[in-house]
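K.L.:
Turn these sequences into a full structure, and let the hints steer you where they fit.
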Amino acid sequence: MAHIYEGDSRAFAVVFDRHGAAAFSLAYRICGRRGLAEDVVQEAFLTLWRARGRYDRARGSVRTWILTLVHHRAVDVLRHELATSSRDIHDDGLSALLPAGELTDAEAERRSDAALVRGAIEELPAEQRQVIELAYFGGFTHSELAEMLEIPAGTVKGRMRLGLGKLRLALGEAADAVL
Amino acid sequence: MSERGCGNDAAAYALGALDAAEVEAFERHLESCAVCRDEVAEFSGVVAALPMAVPQHPLPRGLRRRVLREIRADPPTLAKRRPARVPGWTMQRFAVAAVAAAVTVGIVVGVSSGGGPRLIRASVGQATLRVSSGRADLVVEHLPPPPSHKIYELWLERGSGPPQPSTLFSVSNADRADIGVPGNVRGVTRVLVTEEPAGGTSRPTDAPVIVATLS
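In order, the protein sequence lines correspond to chains B and Z.
Last residue of the first sequence: 734 (the working numbering), numbering continuous.
Last residue of the second sequence: 496 (the working numbering), numbering continuous.
Partial list, derived from the structure: chain B residues whose beta carbon lies under 10 angstroms from chain Z:
(1) Arg584
(2) Arg716
(3) Gly718
FYI, nobody ran anything at the bench for these hints, they're computed from the structure.
Where is the CB? At the ideal position from N, CA and C, for every residue including glycine.
P.N.:
What follows is the structure, encoded as C-alpha cells:
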C-alpha cells in the first residue's frame, strides 16, 4: 500500500489482481447484473486510488476497505435501480465461477475461510439468515424488511442481533482475521 | 428495547440496515454507550466476513484494463495522509437527508479544550460549523440527494492553498445527519462541499454548495 500511496500504478495493479475478483463477485451478488457490477468495481477502485493517502492500516485490511467500498456503492446502485425501475433485478446469464485450479496458499486459505463463513451462515435459523442476507446483500433497511415480511421492526432487529451473535461465536477469530 | 435498554440497533447498524435518521441517533448514542460501541465493533467484524460467503466469479474481460487505464489517467495529486473516513468502513455511515427544497447544513469543528464547541454558520448553504478540540462534524438537514452517479465531497482549505479532499458522503431519505470530518482541523480556514462524480475527485470540479469560513 505504501507504493500505491506514492502513486505507483503498477503496485495498484497488483492490488487489483489480488482483490478484483472478490470485489466483482460481491458487487455481482448485490447488483445481480454484470454491467452494474463492473461499474461498481470500477468506481470502488477509483475511489481507493484517490483516497490512497488516507488508508489507515489500523482500521482494517486493504481487502476489507475495498469490499466495504464495493458493498456501499453496490447497495447505493441497487437502491437507485429499485427506485427508478421495477424491483425485477435478475441474473443476466453470468454463470462462470472461478475454477478450483492451482491455488496459492493464500487463496487456499481464503477458500477455507469462505467455507467456514458459508457454513456458519447456513447453520443459522432460517429467519435469522433471511434478515441478515436481505439487509447486507439486498440493501434493505429493517423497516423495509418489517413491511416485506409482515413482522414488527423490533423483531427484525432482534433476529439480526441473534444471527450476528451466533455468527460471531461460530467464526471466532476468523472474523477478526479479515479485518 | 433490550435488557440493556439500548435496543437492538447495533446489529442493524453494522449491517447498514438502519434508516438515515436512526443512524444519526444511534451514532449520538454510541458516543456515550461503551456497551453498544463494543457490540458494534464485534458485529462489524462479522459483517466484514460476509463477502467471503459470496460465490466467486472471474473478472469480466476488459475490466482490469479499464480500471488501470482510468487510474493512469487520473491526476497524480495525493490526498493528505490521514485515516480515511470511507462510507461504512468502520460502520459509521454517512447519513444525510433528502428533502427537495431547502438545504440546511451544520458543520461541527472543535477548537478549544475548555470553552466548549464553537458554532459557525455557513455563508453558502444553510450550515452550522461546530469546532471542538480540533475535531469537526458536519450536520446536514434537508440536503437534496446528489444526482445519479454523483456524490458530495467535502474539502478543507488552509490559507491560500488549494482545497484538500477530505471525505465523501451521500444523501438518503431523512432530514438530518452528522458527518464527522476526518482528522484534525486546526489551521483550516474554510470547509467546502461540492457535488462530484461518484468516487470523488482530487480537485473540485463544481461550485461549492456549502461554504463555511472558520476565520
